[in-house]
Amino acid sequence: MGMNTQALITMIITNLVVAGFTAFFFWKVLKTPHVLHSEDDAE
Amino acid sequence: MSNRESWGSRVGLVLAMAGNAVGLGNFLRFPVQAVQNGGGTFIIPYLTCFLLMGIPLLFVEWSMGRFGGKFGDHSTPFILSNMAPKKQFLWKYVGVFGIFTNLAVAAYYCYLESWTLSYTWHSVAGSFQGQSAEGIANFFNSYVMNPGWEAFSFWLFCLILNTYILSRGLSGGVEKVAKIVMPLLILFGIFLAYKGLTVEAGVDGAKYSSSEGLNFLWSPTPGSSIWDPKVWVAAAGQIFFTLSVGMGSIHCYASYMRQRDDVALNAMSAGWMNEFVEVCLGAAIVIPISVGYFGIDWVIENTKTGGLGLGFRTLPYLFQQWGPVLAVISGLFWFGLLFFAGITSSLAMGTPCMGFLQDEFKMSRQKSAWTFGAAIFILGLPTVLFFKYGVFDEYDYWAGTISLVVFALLEIILFAWVFGMDKGWKEITSNADIKVPNIFKFIIKWVTPSLLLFVFVGAFFKPVNNDWNAVFQGTWVLDDGSVINTILNSGLHKKIAATTDTAQLEELNKQLTFVNWSRLLLVATFAGIAALVYVAYRKRVKEGRWV
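These protein sequences, in sequence, are chains A and B.
If you read the first sequence in the working numbering, its first letter stands for residue 1, the second for the next number, and so on.
If you read the second sequence in the working numbering, its first letter stands for residue 44, the second for the next number, and so on.
It should be emphasised that the hints constitute simulated quantities derived from the structure, not laboratory data.
Check before you lean on any hint, since a few could be wrong.
Taking lysine-lysine and the DSS-like style, the derived pairs with C-alpha atoms no more than 30 Å apart in a straight line are [stated by the list, open to error]:
#	chain 1	residue 1	chain 2	residue 2
1	B	431	A	31
2	B	405	B	585
3	A	28	B	469
4	B	488	A	28
5	B	466	A	31
6	A	31	B	219
7	A	28	B	222
8	B	585	B	113
9	B	113	B	405
10	A	28	B	478
11	B	553	A	31
12	B	219	A	28
13	A	28	B	113
14	B	553	B	431
Reference listing, derived: stretches of chain B covered by chain A, where coverage requires no fewer than 3 residues with Cβ under 8 Å from a Cβ of chain A [claimed, not checked]:
#	region
15	261 to 271
16	306 to 314
Heads up, the beta-carbon is just placed ideally off N, CA and C, and yes, glycines get one too.
Please model the complete structure; the sequences and the hints are all you need to start from.
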């Protein structure tokens, strides 16, 4: 027996939304890498 | 000796923050909360609470941490007091929560972490091979209820390992571990999720296919409603605990950033990464596998007391059904994954205490790490030796649950109302690498504090069977798990009153004594940290650092 339609839709949409946002924000972090601390950091 | 710790890279910081949030709860608590609160119905309140409470609290804690770092503060007592007018001297004592919680949670969490390490070893050594389901369940009960040298040694090893990594510093210890462990955790999780999603009825002894478990998890449970307050209290609670907010560890990690670094994108990335591990991986392992072998009714019955039982008593047995090789691999991956999730969290608990000792008492990194280790040893030993008398659960309830909600509620009041939302908004958005929607200004000021109050009141006045409709109908009876009845030990008193067996009565009376002593120990720990904060404050005044 496979999954019922309602469960399948809820699972797929939720997983896509969560995985999509995770990938998007992590990709943005990778695209704008900052060296977080350096000796020349003037506070 | 000044505190000149720093992060080596942005990715390292984000992975360490995500590792701080990802814990055993992602795999053991979330799926159980979901099945207990309406299955598919749970997910909408859950994601809504993530947007309205989780993300705002992440923004607030990250920006408070970076703000504190500007003044050289790396722990919450002085981060908080710097955000309030100087005459409001009590804020530094509110900040005590940010050290106390980490210390007390690390004390029992280290023991939990040691179980996962021990089970990893036993999985590889083949200790579970050929054992019955009952045999494996008994193994766990005996391991935690009557800890022998093995349990003690694994606990001590975990404690020393944590302390050693902490003594290596942020970039040399915590960040290095996060960079190795987080990708491995996701890899292990994907493998187990694949196994969970491909359980087939009639294959390897499974009675049902994984679709049964997934239907159970993702379909709205008949009779459940999205408007049921119980579902919202559970969803808000889950979001709160999964993100490690209200602990002080996020403030501490963020305080080692530069002022010109972004907090908005980093916070979003770490927060969503935690959600990925919880929703996409956590939901695909324990429930589909357990339902596949035991059926829905069994799982409902066995998740009533939480997810630990499924994770430690059931899964090692089920892995054996997949043959000796896959049993070893799956056991190694499952308990290894839990261990990785645990250690990245426990390391985050060490840094606020170390930051405080380094900032205020000029301790070296190594000395502060070993002082933290010694404190964990003293505070954690009762959780190992007297687990069966409820010491572990007391720590978890007061330090790992109630303190978090109290601290988060007070810190957001400080941020939005005392420090001021305009200044707070500037802290969140300055140097941001993403545009933060303006609606969050309103959410942080009004919605998040209201939701936190909702969670707090929910814990304080929890009705029997979580039946919040009874509150509105005026037929409300306090649950023994509510804060009020917990303080009064009403559940234990009821058991004592109902017991006629002398031996059992003696055990229950012992439990009552241990529960009360645990609370006293926690109160003494809080008072001790508050006294240290006072000493640090006087020191600052004397040295002219209190302006």
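Which constraints among the numbered hints does this structure fail? Numbers only, ascending.
1, 11
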